[in-house]
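Residue-level listing of the chains:
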Amino acid sequence: MTTTQTTPREQLNIVIVGHVDHGKSTLLGRLYADTGSLPTGKLEKVQAICRQQGKEFEYAFLFDAFLEEQEQGVTIDTARTFFNWNGRQYIIIDAPGHKEFLKNMISGAARAEAALLVIDAVEGVREQSKKHGYLLSLLGVKQVAVVVNKMDLVSYRQDVFQGIEKEYREFLAQLKVVPERVVPVSAKLGDNLVERGTAMTWYTGPTVLETLDLFKKETARAEQPLRFPVQDVYKFDARRIVAGRITSGRLKVGDRLVFSPSNKAANIKSIEAFNVEPPPTEGQTGQSIGITLDEQIFIERGEIASHEDEIPLVSTAFRANVFWLGRRPLEYCRRYLLRLATREVDCEVAIIHRIVNAADLDQRQGGNAVGRNEVADLTLRTKSPLVFDPYSAFEATGRFVLVDGYDISGGGIVTEMVHDEQEFLRNEARRRDFAWVKGEVGGEERAQHYGHRAAIVLFTGAAHTGKSFLARKLEALLVAEGRHAYLLDAENLRRGLDADLSHSNEADAIEMVRRYGEVARLLIDTGLIVVSTTNPFGLPPHKVVQAIRTLVHPAPVIAVHMSKTDEEPPPTTDLHFAGPKDFDAEARRIIEELKRRGVLAHAIGAKPTFQYSI
Amino acid sequence: MKHLRQLEDQSIYIFREAYKHFDNLAMLWSMGKDSTVLLWLARKAFFGHVPFPLLHVDTSYKIPAMIEYRDRLAREWRLNLVVGQNKEALAAGMNHTMGRVTCCTALKTTALKQLVEEKGYTGIILGVRADEEGTRAKERYFSPRDKNSEWDFRDQPPELWDQFKTIFPEGTHIRIHPLLDWTEINIWEYIKLENIPFMNLYLDRGDGTRYRSLGCAPCTFPIKSSARSVDDIIEELRHTTVAERTGRAQDEGRGMELLRKDGYM
Numbered sequence: 004m005t006t007t008q009t010t011p012r013e014q015l016n017i018v019i020v021g022h023v024d025h026g027k028s029t030l031l032g033r034l035y036a037d038t039g040s041l042p043t044g045k046l047e048k049v050q051a052i053c054r055q056q057g058k059e060f061e062y063a064f065l066f067d068a069f070l071e072e073q074e075q076g077v078t079i080d081t082a083r084t085f086f087n088w089n090g091r092q093y094i095i096i097d098a099p100g101h102k103e104f105l106k107n108m109i110s111g112a113a114r115a116e117a118a119l120l121v122i123d124a125v126e127g128v129r130e131q132s133k134k135h136g137y138l139l140s141l142l143g144v145k146q147v148a149v150v151v152n153k154m155d156l157v158s159y160r161q162d163v164f165q166g167i168e169k170e171y172r173e174f175l176a177q178l179k180v181v182p183e184r185v186v187p188v189s190a191k192l193g194d195n196l197v198e199r200g201t202a203m204t205w206y207t208g209p210t211v212l213e214t215l216d217l218f219k220k221e222t223a224r225a226e227q228p229l230r231f232p233v234q235d236v237y238k239f240d241a242r243r244i245v246a247g248r249i250t251s252g253r254l255k256v257g258d259r260l261v262f263s264p265s266n267k268a269a270n271i272k273s274i275e276a277f278n279v280e281p282p283p284t285e286g287q288t289g290q291s292i293g294i295t296l297d298e299q300i301f302i303e304r305g306e307i308a309s310h311e312d313e314i315p316l317v318s319t320a321f322r323a324n325v326f327w328l329g330r331r332p333l334e335y336c337r338r339y340l341l342r343l344a345t346r347e348v349d350c351e352v353a354i355i356h357r358i359v360n361a362a363d364l365d366q367r368q369g370g371n372a373v374g375r376n377e378v379a380d381l382t383l384r385t386k387s388p389l390v391f392d393p394y395s396a397f398e399a400t401g402r403f404v405l406v407d408g409y410d411i412s413g414g415g416i417v418t419e420m421v422h423d424e425q426e427f428l429r430n431e432a433r434r435r436d437f438a439w440v441k442g443e444v445g446g447e448e449r450a451q452h453y454g455h456r457a458a459i460v461l462f463t464g465a466a467h468t469g470k471s472f473l474a475r476k477l478e479a480l481l482v483a484e485g486r487h488a489y490l491l492d493a494e495n496l497r498r499g500l501d502a503d504l505s506h507s508n509e510a511d512a513i514e515m516v517r518r519y520g521e522v523a524r525l526l527i528d529t530g531l532i533v534v535s536t537t538n539p540f541g542l543p544p545h546k547v548v549q550a551i552r553t554l555v556h557p558a559p560v561i562a563v564h565m566s567k568t569d570e571e572p573p574p575t576t577d578l579h580f581a582g583p584k585d586f587d588a589e590a591r592r593i594i595e596e597l598k599r600r601g602v603l604a605h606a607i608g609a610k611p612t613f614q615y616s617i
Numbered sequence: 497m498k499h500l501r502q503l504e505d506q507s508i509y510i511f512r513e514a515y516k517h518f519d520n521l522a523m524l525w526s527m528g529k530d531s532t533v534l535l536w537l538a539r540k541a542f543f544g545h546v547p548f549p550l551l552h553v554d555t556s557y558k559i560p561a562m563i564e565y566r567d568r569l570a571r572e573w574r575l576n577l578v579v580g581q582n583k584e585a586l587a588a589g590m591n592h593t594m595g596r597v598t599c600c601t602a603l604k605t606t607a608l609k610q611l612v613e614e615k616g617y618t619g620i621i622l623g624v625r626a627d628e629e630g631t632r633a634k635e636r637y638f639s640p641r642d643k644n645s646e647w648d649f650r651d652q653p654p655e656l657w658d659q660f661k662t663i664f665p666e667g668t669h670i671r672i673h674p675l676l677d678w679t680e681i682n683i684w685e686y687i688k689l690e691n692i693p694f695m696n697l698y699l700d701r702g703d704g705t706r707y708r709s710l711g712c713a714p715c716t717f718p719i720k721s722s723a724r725s726v727d728d729i730i731e732e733l734r735h736t737t738v739a740e741r742t743g744r745a746q747d748e749g750r751g752m753e754l755l756r757k758d759g760y761m
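Chains as they are written, first to last, in our numbering: chain V, 4 to 617; chain L, 497 to 761.
No wet-lab data here; the hints were simulated from the structure. Yeah, the Cβ is synthetic: ideal placement off N, Cα and C, and Gly gets one too. Hints are not guaranteed to be accurate.
Pulled a few chain L residues facing chain V out of the computed Cβ check, cut under 7 Å [as the list claims (entries may be wrong)]:
#1 His499
#2 Ile508
#3 Lys516
#4 Arg539
#5 Asp627
#6 Ala633
Have a look at the derived ranges for each label pair, beta carbon to beta carbon [what the hints assert, rightly or not]:
#7 Arg243/V <-> Arg650/L: 54 to 62 Å
#8 Ala570/L <-> Lys546/V: 57 to 65 Å
#9 Arg568/L <-> Arg54/V: 47 to 55 Å
#10 Asp312/V <-> Arg734/L: 28 to 36 Å
Take the sequences, apply the hints, and build the full model.
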């Protein structure tokens, strides 16, 4: 039999998984050999090496390329192999079954759209058979076929096959996975792989090769709502191109896009492409594209574009199932880098709800750490707001990895959003920004004209620490340098805008904070650097700061904390001035920070280098 | 042609991740079919621009037509070309008769290491494909190399979904492989689809032979072929069962595993 020789209509990634020594590499080697997919001489070359080393030839050696793999007879790392069959180009990923190489198995399976799970008929369902089945479901590989291998060693007995099939189907059912097919084979002898053979006439289902054909190319994501994570913004020439890959849905020229979490919005002016004539007018799931917008809005990597009526979730907390592969355990309250789509944000484990033993799905409660190769149900808290979707609805924007030190050390899927304190104000800010009526002058023009971007400097700290004095100094210094700065004191709202509210009532105090934040937002929109000397309105100071941050988002916020002694500043502080004061030096220090953050251009009078607006 | 667009989208995604995460990025260009497709994909990813230098590790034994082709495209596409050479080894008379692995190590691996060290590149984009030979089948898209450019294939980092290894200790670098999922036939299908200029050494120019894989003149041998166009090549590849790198002497025995462990491309 030879490979069908036509141009493939599509490409499909398949992973082969299962317990160590259950015959994954053998299955793969034999599949290639029997379909005539091996290059001439390959088989002979490997056979010659075996003779040299004085050992029996095995099909597994065809893809275990490393000397060490062949010597030990175990696959260490996943191999990509290629195979054309019946109008499809398959990339078949041979994953290691040894538990020591679980991270390699996961790297292979994470690329797959379907899986073949191999179980040894003699040994039956083993630890890694279950663990791999569980991980496939976590990794989102929904199409699974089970291959019961080494049937020759159990005399091709139907009852042995049926026992394994029943046991494993029951296990998969707990994960809500229904295998496409369960196929009895002998990979070594080739039964039911490509040819049916005569040993198992009691089996009438498809062969392994036919099973591959039954796997479908996932196309449903194209019909979902749009998710377009921003990968980068380019300005190589006159065009300002927002680049990224559409992870679900579709878009077209003229569509109004909203970006989360900045809540910026603009229409698609063009879809840019190199060597495409005429230029494309639409884009769909899976495509790496570039668009230009009809307005100069400042957006950056990590934001997710969607259509306005179907926006993703935003929160600083969510619940997730996480598998951990790190050398060090995943610990409660330690800081990790979380990467979801193109966004990177610091996070920590807020709650460990339970740890799942992937081999028997047994659960234990709580604990302070998740060990290597364990799976846990967690609540994660991020330092700044994260945009995401539940994994059950969106694949790519519902999963994430955790980085510990230099390495990706775990992966997870979002099971649900956890509501945080800022949700109410965040939703208000969203609705307000989406409906914002703009004049002819955009933020970009204002920044060019003023020579700086808008921002807010927020002072925090106890009474009599010099906040007010430093704020005044900073405002004066900025204006003297030709900047447009304005001191916003809460006191000034009290008898006017807040005249209907009373300080002594907590609900009123919360409303005062909200109004203060909205006024600050308005001033920022005029292009000013707002210098804020909020008093805490009788509320806990960090709550006030959080509320203002939410309402002015995504404007740059410089949080300055002042104290008499060397106390621990609030977690989001950018600058901390403790002890005796040198107000001139401190004001200068804040100006330096404004430069570092790109609010001010580096040299006074020089043309500002920033090319964006807020 | 849908499968080619799927491959293209993934490669472009990888290019853009590399460009975003590596300040000192460069791409190897050997002028062969793979790295020229790689170069084309870079222009796709960056809308006609190539925002990093192209490195050519010149062993001095390349076929002369390759150098002409290199200089012409560099001019026409306004490329920033950086040529590296292990001058010491060449001055000492290094050539393939001293042993193929020895020669490849000196003139390619060492020359590349020298270039990386001199320029301080932290990310290097290469056109290796998983279907070329066994050790490449086991590569990651983003594959770390230690201070001596060595590859620890026993302990590769996890690579999940489209999240790649982009954080690494100082002094080490990352090899980036946007073409890992492409096969030889995909390369030619794409050259045809996009009408990418390629060297005619890949075609039968009248003597009934053509090069299937290009390297140094003394170690690369043409195959028997009457393919005179890209269509002919595709047709030929659909029916061949001869390995692509049959004409590459360095692949004999365990040559490739040893070379690649030490930092060969």
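So, going through the hints one by one against the coordinates:
1. His499: Given a least distance of 4 Å, the restraint on His499/L holds.
2. Ile508: holds, 4 Å
3. Lys516: holds, 5 Å
4. Arg539: At about 5 Å, which falls below the 7 Å cut-off, the nearest Cβ of chain V leaves the hint on Arg539/L intact, so it holds.
5. Asp627: holds, 5 Å
6. Ala633: holds, 4 Å
7. Arg243/V <-> Arg650/L: 54 to 62 Å: For Arg243/V and Arg650/L the Cβ distance comes to about 45 Å; the hint is violated.
8. Ala570/L <-> Lys546/V: 57 to 65 Å: Since Ala570/L and Lys546/V have Cβ atoms about 60 Å apart, the given range 57 to 65 Å holds.
9. Arg568/L <-> Arg54/V: 47 to 55 Å: holds, 49 Å
10. Asp312/V <-> Arg734/L: 28 to 36 Å: violated, 48 Å
In summary, the structure is inconsistent with hints 7, 10 from the numbered list given earlier, while agreeing with the others.
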